[in-house]
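Peer 1: Turn these sequences into a full structure, and let the hints steer you where they fit.
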Amino acid sequence: MAQKVLMKGNEAMAEAAMRAGCRHFFGYPITPQTEVAAYMAKMMPKVGGTYLQAESEVAAINMVYGASAAGARVMTSSSSPGISLKSEGISYMAGADLPGVIINVQRGGPGLGGIQPSQADYWQATKATGHGDFQIVVFAPSTVQEMADYAFEAFDVADRYRVPVMILADGMLGQMMEPVVLPEAIDPADLPAKPWATCGHGHARPHNVANSLYLTAAALEDLNRERYERYGAIKAAEQRAECYRTEDADIVLVAFGGAARVARSAVNAARERGIKAGLVRPITLWPFPEDTLAEALDHAKAALVVEMNMGQMVEDVRLVANGTVPVEFYGRTGGVIPAPEEVLAAVEALSGKVGE
Amino acid sequence: MKVVYERPHALLPVVTNYCPGCPHGIVERLVAETMDELDIEGETIGVAPVGCSVMAYDFFGCDMIEAAHGRAPAVATGVKRVHPDKIVFAYQGDGDLASIGMAETIHAATRGENIVVIFINNAIYGMTGGQMAPTSLPNQVTQTSPYGRDVATAGNPIRVSELLATLDGPAYIERVCVDSPKNVRKAKKAIKKAFQNQVDGVGYSFVEVISTCPTNWGMTPQAAFEWMRENMLPYYPLGVYRDVVADGFANAAEAASARNAACPIAHPEKKGEN
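Line by line, the protein sequences give chains A and B. Using our numbering, the first residue of the first sequence is number 1, and each one after it goes up by one. Using our numbering, the first residue of the second sequence is number 1, and each one after it goes up by one.
Incorrect hints may have been included.
[What the hints assert, rightly or not] The calculated DSS-like cross-link candidates involving lysine-lysine, where the alpha carbons are at most 25 Å apart (straight line), are:
id, chain 1, residue 1, chain 2, residue 2
1, B, K189, B, K86
2, A, K46, B, K86
3, B, K193, B, K182
4, A, K194, A, K235
5, B, K86, A, K194
6, B, K192, B, K86
[To be verified] Chain B stretches covered by chain A per the calculated footprint, using a threshold of three residues with CB under 8 Å from any CB of chain A:
id, region
7, 32-44
8, 57-67
9, 71-78
10, 81-89
11, 98-107
Simulated from the structure, these hints should not be mistaken for laboratory data. Glycine residues also receive a C-beta, built at the ideal position from the N, C-alpha and C atoms.
Peer 2: In structure tokens, the structure reads:
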């Protein structure tokens, strides 16, 4: 049985990535993801890996692009403004079908914003990480244990579907310490070969090309359609969500990441007051866990979406609810973390509105 | 019959997208000949830019990666860090390398990545139809400097080889051109030396090729070369701007170490001496 250790969320993600066989990390300093890079800088040389502090987030993601094309398990991490800079490279990775893991330890925005925890990059992560028709898989951990688990699993998912995968954390999760059982380490040498990698053909095969340029419209359309078939397979197989006390819930809270921890407390407090509240916690933000949420909403009277932003995921919840139940929103933004009492008050108000 | 001239193996038998008279074909051939002669095609990964040579990934026989505009040195860095024993080169034009990708260019150079960068400088954006480039000359007329490049508002051209030569990272920097058989042979020698440097672990090697753009300059290929000799070569003098081996060092790291010899923290091995 693996040992429990006390770790910071940022460090747990870094350690789990290394245990997943990641030996190449390209980053650029930004708060509040600092410990991810610092951990990599400390640990990578000890295992013969690469920690490289790039000249910019733009350069870092393009190093990831190159290392991924070369066949490696590779990661970068940043926080909100840095992810905007990485969006170019993420789009090119998607267009060239290159796997890779991108961590976003979110802070408040827009612009330089602040350095306090936020979830204001939900839209960016799930709808428009860069230009063009593409999606990336987005994991939203809500504990340090999950940060380790999904940072580890992200590499498998990325390789399986040849897509970029994002871990969408926030400054609260990144900075908090919790006990964690780390995943068993994989030896990178044991990972399956990538026949598509651009690593020198050795005159044993035709040359491989990693590319996202297709000047013939029909060819590009075909390629995008093929990619969306793969996205369909991801939607079918990779939706993850956790349900908490939703079996008989009248009011279904929907929250992810750090906000879900607060929402969970509010659910318990509401139950103590006789309100049948429950929580659906999307773990994958894309693919959005439509099936689980639809099931929970099926017998509910209303949904309350709780986010640390001005209301972004609420749109996806409304799409799933499709008018069957009212979907309301409670959020704090700019780096403010909602208190359980505030969320409870919103639950009580909604409960009063939809009646018994 | 004796074969005296043939397509290099590392150059695929495909039709390129280059205009008649474009020097890209000459330079790409030189790169391919080099891969053949050093027998490294199977171990080489090339990185294509955005610009006229964007589709170089279809022309070279080695494994190829198409990079975002200006990012080829970062992409090449990623590849080289994964496969330090493989040969990695970036092939870039002036807009790609010296404008949008200047940060990537300078930092790959100063890190001393053991890669080759081939820089085609024809003082114009060719693929998009002839806009002003970071290397367009003063008073040069382009689509976006229709009254000539006014350095008072559009700034001065960048001499990239000279700029990179201020850094400690590079092992070898040479500026060449391909306007005559003699100069083509010189360019070939430079390109081959750059790749040999990488094979030998000497370090970052950069070959700038002063080139032309007959189409967007609105000249015949011959007139374009003449214009290049008249106007570009005085601004961008040919020659070797760095060669650590010629300077007596084994590699770029040794040369850099000698250059910063007076800095104590850079030389912990000297502690306790004097």
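Peer 1: Given the proposed pairing of K189(B) with K86(B), does the C-alpha separation stay at or below 25 Å?
Peer 2: holds, 21 Å
Peer 1: For the region 98-107 of chain B, count the residues whose Cβ lies under 8 Å from any Cβ of chain A; is that count three or more?
Peer 2: holds (count 4)
Peer 1: Three residues minimum, CB to CB under 8 Å: does the region 32-44 of chain B make the cut for coverage by chain A? Let me know.
Peer 2: Coverage by chain A holds here, the residue count being 4 at a Cβ distance below 8 Å.
Peer 1: Under the criterion that the straight-line Cα-Cα distance not exceed 25 Å, is the pair K193(B), K182(B) satisfied?
Peer 2: Given that 25 Å is the threshold and the Cα spacing comes to 17 Å, the pair holds.
Peer 1: K192(B) and K86(B): Cα distance at most 25 Å?
Peer 2: OK: K192(B) and K86(B) at ~16 Å, within 25 Å.
Peer 1: For the region 71-78 of chain B, do at least 3 residues have a Cβ located nearer than 8 Å to some Cβ of chain A?
Peer 2: The restraint on the region 71-78 of chain B holds, since 6 of its residues have a Cβ under 8 Å from chain A and three suffice.
Peer 1: Confirm or reject the coverage of the region 81-89 of chain B by chain A under the rule of 3 or more residues with a beta carbon closer than 8 Å to the chain's beta carbons.
Peer 2: holds (count 5)
Peer 1: For K194(A) and K235(A), compute the direct alpha-carbon distance and say whether it is at most 25 Å.
Peer 2: Roughly 23 Å separates the two Cα atoms, so the pair holds.
Peer 1: For the pair supplied as a hint, K86(B) and K194(A), is the alpha-carbon distance within the 25 Å limit?
Peer 2: holds, 17 Å
Peer 1: According to a criterion of three or more residues whose C-beta lies within less than 8 Å of a C-beta of chain A, is the region 57-67 of chain B covered?
Peer 2: holds (count 10)
Peer 1: Take a quick look at whether K46(A) and K86(B) sit within 25 Å of each other, Cα to Cα.
Peer 2: holds, 23 Å
The structure is consistent with each of the numbered hints, conforming to all of them.
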